[in-house]
Amino acid sequence: MRDLETNSLWSHIVGKAMRGALKGRRLKLLPSVMATWSEWKLRHPETTLLGMSRTSRTYKGALWKQPGRYVYGLHFPSGHSPAVPLKRLQENPVFNFELAGSVGLITSGARGAGASSFDRVVKGQTLVFSIAGKGIMTDDRTSSLWDTRTGKCFEGPMKGEILRVIPGMISFRSAWEVFFPEGKLLE
Amino acid sequence: MMKSDFSGSLFLRVKTTLTGLAVFWGGIALSWAGGEFRPTKVANAFPAIMNPVIVPADEAEKFVEADELVLGVVIGGLPRAYPVNMLTNPTREIINDRLGGVALAATW
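If you're matching them up, the sequences are chains A and B in order. With the first letter of the first sequence counted as 1, position 46 gets the number 45 in numbering that gives the first Met the number 0; the numbers rise by one all the way through. With the first letter of the second sequence counted as 1, position 90 gets the number 89 in numbering that gives the first Met the number 0; the numbers rise by one all the way through.
No lab work stands behind these hints, which were simulated from the structure alone. The reader is advised that the hints may include incorrect statements.
[As the list claims (entries may be wrong)] Derived lysine to any residue pairs resembling SDA-like cross-links, with alpha carbons at most 25 angstroms apart:
hint: 1; chain 1: A; residue 1: K151; chain 2: A; residue 2: G100
hint: 2; chain 1: A; residue 1: K27; chain 2: B; residue 2: K61
hint: 3; chain 1: B; residue 1: K61; chain 2: A; residue 2: D118
hint: 4; chain 1: A; residue 1: K158; chain 2: B; residue 2: I74
hint: 5; chain 1: A; residue 1: K15; chain 2: B; residue 2: K61
hint: 6; chain 1: A; residue 1: K133; chain 2: A; residue 2: S143
hint: 7; chain 1: A; residue 1: K183; chain 2: A; residue 2: S80
hint: 8; chain 1: A; residue 1: K158; chain 2: A; residue 2: K183
hint: 9; chain 1: B; residue 1: K61; chain 2: A; residue 2: S143
hint: 10; chain 1: A; residue 1: K183; chain 2: A; residue 2: N95
Bound-form chain B, shown alone:
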């Protein structure tokens, strides 16, 4: 993964289970701008994270502090937060989850 790709996103999954893998980029700006996808090395995939542990807000003290950043989403009236400090390791950058009947991937 590019170490500088600091961006959190939430994607709808359709019949796919997503897993992280280490992609090492060479001259990414040039290869991307040219419209070609040219990773110089693709490592083996990490185990996919599925059915992650989800806790209610009143148990949050163990997991997150007031000023830590979270990626937040509301689906079907159900809010959920993904603390960024749990997503930063390459083995963690993709969380396959379900919320309000929707399959989603929280990515970093």
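So that you can see chain A by itself, here it is in the shape it has in the complex:
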């Protein structure tokens, strides 16, 4: 992509200017999730949405029937960009991991669609989460109950705490390997 102000050329997957006056500058990545419309609207009934005409009809929940083609990639502030194969998330809807000092958690729907990623350090404690029901997980230290999609604790000693979102995205495995050649794949 190009910015109109300086005509610099940017990578729209990395968010970095590759050529031009702004070369080397990075756009700040905003935490976002990918979900089906019904999942998103259920979590955020007051949501607004882009109202343009469709340019395709390809991207539906059924896309996740081909998990081998996709990974869930993360962007840590430290610069690490690890990725997890979607198949692993389908097998582990609450996926705890640790990499180079960064601890994280990826939660996903039954088919691996609609994944979200969080930091799992709360009040200086590193928590390990496990599934405790549909859309519910529990932590190993306080047995509190948390919403897997929002990262919010709704019952127990941690009630009211919200896990910090780590920016992440569903990506073609091949695209991730090209753009983040040093990004580790967590198998």
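Given chain A's structure and the hints, the job is docking chain B onto it.
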């Protein structure tokens, strides 16, 4: 654009307006791994999409079905969804938008 770069992202814009352009890559894996940015051809930019049409959820039936994928973001307590099936054409891959006082670009 690389046809296989299936990834949705949301970026904070700072005093920039972003527009899509067709970049044709030659041997991208090698050129990227070497740390060099070498597009073989850069086409003219498409018109930038600014101030896009935004609708409330109760008008969504016209625009999106239950199982279509969306890129979702919440800023300042305000949620917004960008249906992926509206972002896939090269002329559409970058949406300059504002939400909760923040200038952002939804990209595909």
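Given the hinted pair A/K158 and B/I74, is their Cα-Cα distance within 25 angstroms?
holds (23 angstroms)
Holds or violated: are the alpha carbons of A/K183 and A/N95 at most 25 angstroms from each other?
Holds. A/K183 to A/N95 sits at ~15 angstroms (cutoff 25 angstroms).
Please verify whether B/K61 and A/D118 have alpha carbons no more than 25 angstroms apart.
violated (37 angstroms)
Would you mind confirming whether the straight-line C-alpha gap from A/K151 to A/G100 stays at or under 25 angstroms?
holds (23 angstroms)
Holds or violated: B/K61 with A/S143, Cα cutoff 25 angstroms?
Roughly 40 angstroms between the alpha carbons, so the hint for B/K61 and A/S143 is violated.
Decide if the proposed pair is consistent with the structure: A/K158 and A/K183, CA atoms, cutoff 25 angstroms inclusive.
violated (34 angstroms)
Would you mind confirming whether the straight-line C-alpha gap from A/K27 to B/K61 stays at or under 25 angstroms?
violated (32 angstroms)
Hinted pair A/K15 and B/K61, Cα distance within 25 angstroms
Not OK: A/K15 and B/K61 at ~35 angstroms, beyond 25 angstroms, violated.
Next pair to validate is A/K133 with A/S143; report whether the Cα-Cα distance is within 25 angstroms.
Distance ~15 angstroms between A/K133 and A/S143 Cα, so the pair holds.
Does A/S80 lie within 25 angstroms of A/K183 when you go C-alpha to C-alpha?
Holds. A/K183 to A/S80 sits at ~7 angstroms (cutoff 25 angstroms).
Violated hints, listed in ascending order, are 2, 3, 5, 8, 9; each of the other numbered hints is respected by the structure.
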